[in-house]
Structures are given as structure tokens and as C-alpha cells.
Amino acid sequence: MNELDSQALWERSLATLSDAVFLTIMRNYLGNIPTPFHKPQLIKRLTTLFSNDEFLNRLFSVISPQDVKILSAASILEAATQDQLCTLFLHDLPYLQVQQNIVNLEERLLLIPHPESSQNSSLLMVNPMLSKRLREQGCFSLRALLGPQAERAGSVHFSIPFDRRIVRALLSIHVHERVPVAERGQRFFRSQNISSIFSAYNQESIAKYLPMLERMLIRNGVVREIGKEMCIHFQTSKEFLELSQHKLRLFILCELAQEMLLFKMNQNDHDSLSHFFTSFSVLATCLDTISDQALYKIIYISAAKYNLQVQRYHDLIDLLTSAGILSVPVQDGQTRVCSTILLEETDSTESHMDFSCTIDSDFTITFSGEPVLDNGLDIIHMIAKVEKIDTVCTYRFSRESFRQAIDHGFSIKTATEFLESLSSQPLPVSLRNLLRHWGDESNSVRIYDGITVCVDERIARLIDALPSLEPYKIAVIVPGIYLFTRKNEGIWRSILSEAAAVLLGQSISEETITSVNTGNMRSIQITYPDIRPLRQNYQALMQVDEPNRPTSSAFVEDLHKRALSLKISKYDLEELHAKIDKHLILTPQQIVEPTVRSGPMSASGFDVQGKLNLIRSAVASTSEILELHIVDDDGLIQKMMVEAKELIGNNRDYTLRVAVLPERLEKVIQADKIFLVRKLRRSIFF
Amino acid sequence: MPDKPLIVQSDMTLLLDVHSPDAESARNDLIAFAELIKSPEHVHTFAITSISLWNAATVGIGPEEVLERLIRWSRFSIPDNVAFFVKDIAGRFGLVVLREVEEHASSYLLTIESERAEREILARKHIKEMLTRCDRGYLVSIYNRGELKLQLIKLGYPVDDRVPLERGIPVPMNFKQLTGKGNSFFLRDYQKSAADSILGDGGPGSGYGVIVLPCGSGKTVVGMEIMRRLATRTLILTTNVAAVHQWIGELVDKLDLDQSHIGEYSGSKKEICPVTVCTYQVLTWRASKEDDFVHMSMLKEGKWGLIIYDEVHMLPAPVFKITAELQAVHRVGLTATLIREDHREDEVFSLVGPKRFDIPWSQLESQGWIAEAQCVEIRVPLPRALEIPYALGTKREKYRIASENPEKIPIVKQLIENHSGEYILVIGQYLDQLKEIAEEIKAPLITGATGNAKRDELYAAFRAKKERILVVSKVANFAIDLPDASVAIQVSGTFGSRQEEAQRLGRILRPKETESHFYSLVTRYSSEEEFAANRQKFLIEQGYSYHVEVWE
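So the sequences go chain by chain: W and X. Each residue of the first sequence is one higher than the one before, starting from 1 at the first, in our numbering. Each residue of the second sequence is one higher than the one before, starting from 1001 at the first, in our numbering.
Only part of the chain W face toward chain X is listed, based on derived beta-carbon distances under 10 Å:
#, residue
1, SER199
2, ASP362
3, THR364
4, LYS388
5, ASP390
6, ASP440
With a Cα cut of at most 20 Å, we get these calculated EDC-like pairs of lysine to aspartate or glutamate:
#, chain 1, residue 1, chain 2, residue 2
7, X, LYS1004, X, GLU1065
8, X, LYS1454, X, ASP1481
9, X, LYS1537, W, GLU400
10, W, LYS673, W, ASP633
11, W, LYS567, W, GLU593
12, X, LYS1474, X, GLU1439
13, X, LYS1038, W, GLU387
14, X, LYS1038, X, ASP1011
15, W, LYS385, X, ASP1011
16, W, LYS679, W, GLU646
17, W, LYS385, X, GLU1530
18, X, LYS1192, X, ASP1253
19, X, LYS1087, X, ASP1160
20, W, LYS473, W, ASP456
21, X, LYS1466, X, GLU1439
22, X, LYS1154, X, GLU1129
23, X, LYS1537, W, GLU387
24, X, LYS1004, W, ASP354
25, X, LYS1004, W, GLU370
26, X, LYS1395, W, GLU498
27, X, LYS1269, X, GLU1301
28, W, LYS413, W, ASP440
29, W, LYS679, W, GLU643
30, W, LYS645, W, GLU663
These are calculated hints, taken from the structure and not from any lab test. The beta-carbon is built from N, C-alpha and C at its ideal position, and this holds for glycine as well.
This is chain W alone, in the form it adopts within the complex:
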């Protein structure tokens, strides 16, 4: 952002302030302000002050390490609420300390309102007038924000392949098994039979995520209910498989995140989620190792950046580890690492060159990597049944599996050509013969619309002779073509199959073809964010060492002395000293008699009325919060920050309904339990 833009943004921000707040700020920085005042003029004067090198040097010299952390977070987030910033440091420092630190940064105009703030979202941003200098001063530092890195982790990656491998496997299961609908289908995916395909992976995770992936396929129209079974929609499944690996991974993660309600979101917003996961990966891979504290911050930064509120933190961690993005510490205290599997930037980085496939004499297809297919037709899952997904994928084809492929409209010729295209070695003659035999068998019976059965001579003889088929046979159209009853299709199919020892294919019908292979397709939309600017920014921030901040500055002492030289009351002097200590006064020009008290007000002990007055003034206030010291049943003091919601009762017998910060859990507190009340500002601006 150039200087003019920065200044324009700064001025827009100041213009959003209420008159009272505006005036208070001006008075603090510009000294006495007569009323009425000319806002644009004052803004111009303030701008001049905040462009003055000497002033800025003093401003930067009193920035503390904690300030750096908060400013770094605000810089990354670009626009953040106070709550979002406080949440980041929940594990590091007490909430009160962080919250008051943020208020102080507001007072010092290091954080100012974002012009796009609304009543519902009070956003702060780093003062654009100061951004460039702050960056030069090393005040934006990821190292400072995320804390020191630990030694190389002893953690391991356990992951489920949330990519084409698992999608293809699920599709194969649908093609070659009878997957029931609804709840029974969900149980089916938790069965031992299915989990054994994925025995290489954590079985609890498999049992948890497979049904979710199945629901994802259903939601996206890849699989749909036809009759009592789930069937695949080939065209949509093809579209799915045509997504690049990293896009597919991202899509799957977004879908799972939505299903698991990991975030509080305004709407079903894949884009925000995909940005979150990408940002998370970019940020996390900037670190060699990730401690629990750093992980927490990275997650919350990445979420806040895209207006997501984390609802289920531990479930999110579970998803990230199951997806192989985060490693799992083997022992307590070990740190994690983040993999780069979400960060492939172009398809050419994928492992096409590493594709290796073997079609073996035991009818297995074993491959690693992803095939490059001339005509884009990926039908491994159609012609073969998945056996194992591991370092390599193993599928097995059989008479039954080819039957299924034929039912889905693929000829033996297509299947044979496909197999040949996969393997670098020619198909054995014995296998070719077998495929031909299976093709002949499949042609011996065709069933149309569930009632018209066309058969060869042999089967016609059986149909004519079997008494058990008579009740279901409606008519003989011509020799070899019969009409059977639709409603008993299951029964006569079974009889015919047993008697003729053939695998009967699916009934061919217009409806089936239409619904299975055409029909309305939901287009798979996934935005893959451009990670380069993110990566550049984060890597630059990682290069910044945690700055050594001075513990004191000479000019501060000078300011205190100047304050002492004023002829003002003790309370006003206290006010001035407090402001100097809070770095609100940086120049001698600011040392004037204060007009308002800005420090916190408190009452405690037997000052019941004082406590009551403070509480009353804070009730339902948006700009003020209370620090309460509560005496518990054991006589110990418990401190809490609260929003005062309602005062019930009067005088000494009141109860106070509060929302305890930061979680905003509601509580009702008896008056006699409150030892100390301190009223604090929530924010200067809002």
C-alpha cells in the first residue's frame, strides 16, 4: 500500500469515530482542543503528528514484546475483532491482561477501527500510517507470535488418503457390492469387511470418516439412491476423479469440515474453508516444528482471517491429523510437523511420472501413483473390486466384477483395452481368453426393463422346461425372448441364475441409463486459493527475529518530570503518570492538565454502594466490562472478566447476571460474594 492510500485509510478510520471518542483521542495527542472543533483540521494535525519522525521513534521505542505479538496477529488478520485477538493468546496470558493490552494499543492508535466495521462486527486493524515502519522495526514477527520452536519432533504421520485413492475405492465398493440405503448403508461402511480394505489406517478414524465420505458422495450426486441400493452416477464420479489430487483433497476436507460442524459459519461456504485449510498449511509449513501453543494460534489465525469461528477444536485437530496434514506426537511433550500435501500448486507436480502398475496372474491390479489416461477414462473401479488401499492400491478383477462393468455400459473390449493401457507389459493370453469367455457369458442373457428377457438357445431350453419359472413367465414373444413379471423379478432372477449358472446382469432400462449415467449433475466447485502471496508474506514474517525491545526509554523519565512540574491536583497528576506509563503520552506537548479520568475505577470491600454504582453503570454497556473478584466457598478469591447483563434487586441484596469472558457463559452472582469491582474499558473505539 502506498503512502497516499495508507493516509486515506487512516483518515477513513478516524472518520468512523463518534465525536466523543474522536475528541478524547485528539485531546490526548494534540493537547487542549477548544470546542466547537473542526474535524478535518484535527485529523490533519494528528496525521502530521503521526508522520513526525521523532514522535514515531518514541512510539516504536516503547512497543513491548507483548505488543509485538498482538500487532503481528493483527497484521496477519488484516481486520480482526478484539475477541479474535484475545482468543489467540488465551493459553499464554490471562484474558484481562491481553484485553487491556489491546485497549492500550487502541489508545496508542497502533490499532484503529477498520472502516468496514459494523455494529455487529467491530474490526480493528494495524494503523496503516505505521504499517511500513512497524514492519521495518521488526514489529511484525511470526516467531514472536508463535513462540520458540522446539526440537525436531518425534511425531509420526498417520493418515487416511483423502484423495483419489479413497474416492476410487468407495466407487468400487458401490459398483461391486450391494450398498444399502440410509442408516444401513452407514453401518455397512463401518463393517469389518469394508474397514479391512483400509487396514493400513487407524481403524477408529476409518470407522469415523468413511460414512462421512459416503455422505459426501451422496450430497454431491456421485452416488444416489436407486431402488433399495446406492448406485454411482458415472458422469459425476468421472468429474470427481478428474479433479487434481490437491483440489480433491481440499474439497474433501471442506466437505468434512462442514459435516462435522467444525466452524461456526454464516453460510455453507466452501471458499472460506478452502482458504482456511490452505492458509493453515502455508503458515504451519513455515515452522520446522509446531508446539501445541503455536498450533492453536495458527488455527485461530487462519480461521479468523476468513471469518470462521472454530467450534470444535479437537475434532479439527483430529481431521488434520487423519488427513495427514499434521503429524501425531508419539509421546507427550513432542511437537508436530505439517506436511505439504495441500500445497501442490500445479498438476504437473503430481506423481504422473511415478505411476507404476502391475496386472498379475492372480487377477490383481496393483498400482502406485495416478495413471495418465489418453482418453481420460479411469475405470479401474468399474472393472475391478478394491482389495486394499495402502502404499499401493490393489484391486482384483473377476467374472463378477466384469459383469458389473458390463452392466454399467462398458464392453469387454473397452475393459481389455483399458487394462492394456495401464500395464507396461502385455496382457497374458490366458487372461485375454478368460475375458472373452466372460464376455460371451454376459451376452447369453439380457434383461430389459425388468421384464423382457433375451437369452441364447441353452437358456431358452431351461426356461421352457423349468416348472419353477412358469408362474413368472407371462409370454414368449419369439423363441429366445420372454416376458416375465416385473414384481417378482427378484425371484425368477434367482431361479434362472441358479439353474443356468450365469451371472445375470442388471436390467437395462431407459430410466436406469438416464439416472445412472446422465441426468442432472451437480458440478463440483472448488476454489483453490493462490498460495504464493500468502507464502511470501508468512515467510517474510518468519524471517523477522523476535525483536529486543528496550526495557525503558530516557524520554519517559523526562515526561514524568515534566508532569511533576505542572501545578495540578494529585489526582490529575496520577492520571498523567498513568498515561505516561501506558505510553499514551510521548511528547512534552501532550503534558497538559487532564480533562477526564481515563483510568479504571474500582470499589471493594465494604464500599457496597461504590460497587453497586460501578455495576449499575456497566450493565448493558457495550464499551465497558467489569473485573470482579469473587470470594468462593473456600474463601479463595477468583477473578473474572464479565459483561454485566442485568442487575436484579437493589442495595445490598442484589444479584448480578453476567456473561463471563471470553466464553460468555452466563452466571448469576450474589452481591455478598463480590469483593472487588473494577470497571474497565472494553474498547476505546466501540
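Using the hints provided, position chain X relative to the given structure of chain W.
Leaving out everything else, chain X in the frame of chain W:
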């Protein structure tokens, strides 16, 4: 381009690309700690199991060495959990040790090096009952040695059994320079390796195990080599009387034992000699279910130094218990196929011993130690007259009708004509069918009803090339050595038995100048096709492929 031959999978399986130039070297490294599971044409599958790792540990191959070998050959990085598993499981070997105790002749000393392991072990009541605490650990009755080892291995704690095996009463023996038939005899490399794998260095942890070798590759010779090295009183258990006679014939032919030192213990003879050959059947014979196994004492009390379990996959369940008590004796199991219908393979390994040696059939074939065999499935149409009876039949009836398809007989005749001059076995399941075939082709028939003497006579005639064709029932499935048989025509079988298919192929795998042919006649469009597909699985996994033809 990927050039390393091995892929390590997270489920502990190892896939070896046999076409890689390093495949052989990799295999030699792997077999020490991984079991061969299957070996089709292009990719052989091994598995790392707890038992295979503990096995490796007994010969000094620890987890670091295992991982180092995996890394050396692996095309991709080793999955983390595999490394974890290897270190964890292999690391358990040596925690539980069994030793002799001088002051207790009827007990052994069990020590447990890990507190956690000790707690886990003692938490199992049936294990705790076998242990008596003493100052140095726990005492275990010598009779419970096998059972204890079995239970502990199931719990995940292999016992480092340092109790030396008894040598038994010495019986010196050596191979003859020339066999009884006047041929020079030499041990093949893999036979020597197989024997080495059992005997090891003779120290604790050696002297017992199972050898898996393809049919026709000379398991009997491996057994004899082990006998020769141990030179001890030996009991050989096998499947039937013909096999007993075969063993005796081989012992006489190749070892310099006096014939009076070799005994037959069977239904008709009860000779107990320094080397005795016995059937499983006679051991497990009893007058009624309530009676004892009267001949089992021969196993227990024979003061054997070595017991050889031929076709160990057939080990009957009652013999398990006794085998558990024979832990002090050298034990060898021999088989080509390790498939048991009762799924007690683990117990075979625990009680007889772990699999020590396995070699792909295809490897021996390529080296010429077993014959190259062409497998053909001929699909035979069902006559029209049988189509309806088949369609109306029950499942069993369907299978029988398909199996006894009369259209198979002309095919048998045609095949015999195609292989005139060769030595042919016609094998089947149903006696009526076999009788009919035998009459048609005018060949002798051997079934269960054929007396042992007659069987021996016919086998001998076949071996002597006086009979060119034999029609046999499933009595000839196992252990019958007919070196010149080069054609087997299977007209029917026991449903989907993979073991039977492999054993029948084995009848024609003795190396010879010509290729062998295995024909399986299967009725088209019948349940026999499906069963045939199942039967062929084991052989397909060994690298054989079936060429399917339709007989028009």
C-alpha cells in the same frame, strides 16, 4: 523410474517386483524376517508378522537390522507404523526366557524381564496356573512347556526357549554315495538351506520348525538330511500307508541304515525301530469315542530324538496335544500347502515350530528343480439330457451332475491320445465316474477300497513304466511319488479345495525332460466353474495361470 524392487505397505505386507534386477538379493534379505504369502507372476507378497520377527530374532536379526534391510530395498519411504511395529514387536523377544534348572529335573525356569509383561502374563489365569514362583523367576513343569509357549505367543510374548532339545538315542546314519538304484545322489542347495533353517547352529531356539516346499521338490530328502545330521532315533508321521512305504523306500534307497532299523507302524504292522514310519491315522485310532488313543503312547514314550510330521497341514487335532508335550524333541513339519480348514495354522507353528523355510514354486521351476507345468481348464458342455436335471437339482446334486458329466470321458480319451507315450494320471472324486473311465480307457483303478498291497504294486508298476496310465481317487492326492507322471487329468474334485488342486498338480512336478500338463475338466455353465475358480487360487498365487479352453 522406480528401480528398487520392494514396496513396504502399512499393513505389514511387502510387495516384491520380481522383474527388478535386485529382486533376488532383496528376497534373500527378506526371507529372514518375513513370510512368503503368495508368488504370482510379477509381484510376490511377503508379510511381516510377530512370529516372523521373533523367528528372525532367534537367529540374531534384531529390529535395526530388519529396518535397515527394508530401507535398503524399499522404493518408497517406510511407513512410520511399520517401523514402530518392528521395534515394538521384535523388541519383545528376549523378555521372556525359558531355561533349564539344575536342581529341578522336572521343571524349567521362566524369567520375565519386564514388569509390564509380567503383570500382563500373570493376569491370565490359565497361564498363572502353570507357573510357580521361585526366587529367580517362575518354575514351569516340563510337560507344560509347549502349552505355555503357545499361550504366551498368543498373548504377544514369544518365549526365548533356551532349553536345549534332547538329542535322543544316537542312531548314526549317512547318505549313500550311490542310491539303491545306482544313481549318484547330491543334496540341492535349497534342500541344504531348508535343513540349515531348521537346525541352525544347534543352539537354543533351533531344532524345530516347518518347511514349505512345492510338491516334487524333495521334501523327503530334506527330512533325511535333518535325520542324518541329528543322527538320532526318529519317528516319521505321514498321511497313509502308501506314503509310509514310500518313505521307507526312500530311506532304504538313500541312507545307509540297516533295513532292520527301519520300522513300519500302521494298521497292519506295529514295528517300533530306531527309525519308524507311522500314519496319523493309526495314532488317532480308538475303538470308540470314549476310549483312549491306544497308539498315542508310541509317540510319547518312544524316546525319539526327532519327529518328522510329513504333510504337516494334515496334523490331526488330537495329535496337537501330544505335540505340545513333546517340546523337548527336535520337530520338523513338511508340507507344500499350509492351508487348514480348521484354521489352526498358528498352532502348528507354535507346537511343531514356526515356518523356517519357504520358496516360491516359480523359483524352483525356473531353476529346473520342479517340472514346468502347463495348466489348462477345459470347459465341457453339459449334455442336453442333463440340463434339466441339473437345473432342478439341489446344490450338491448340481455339483455331482456337473462333476460326473459324461462328456468328460471322450475328452479324457482325446487327451490321452494327445499325450501318447507319456505317463498319465486320471484323478477324480467320484468312484462311479472313475470306474467308468478306467473301463473305457482300460487302465487300472486305485481307490480307498484298493488294498495297500495292490496299491503298492500298481504304483510300483507305474514307476517301473509297466503301467502308463493310472486312474486314481483322492487317495493319491498326497505324498505319492510318481516321478515320471507328466500328465494329470482331473475330472472332478472336492468342491473348492485349493489344497487338493495344488497337491494334485504336485503329482506331476518331479523334474523331467518334458513339460508337464495339468488338465482340469470343468462343466461349462455349472457350479463346477465357480468351485474351479476357487481351487485354482493357490496355484495362481504361486504363479501358475490356467489357460481356459471351451470344448466344442
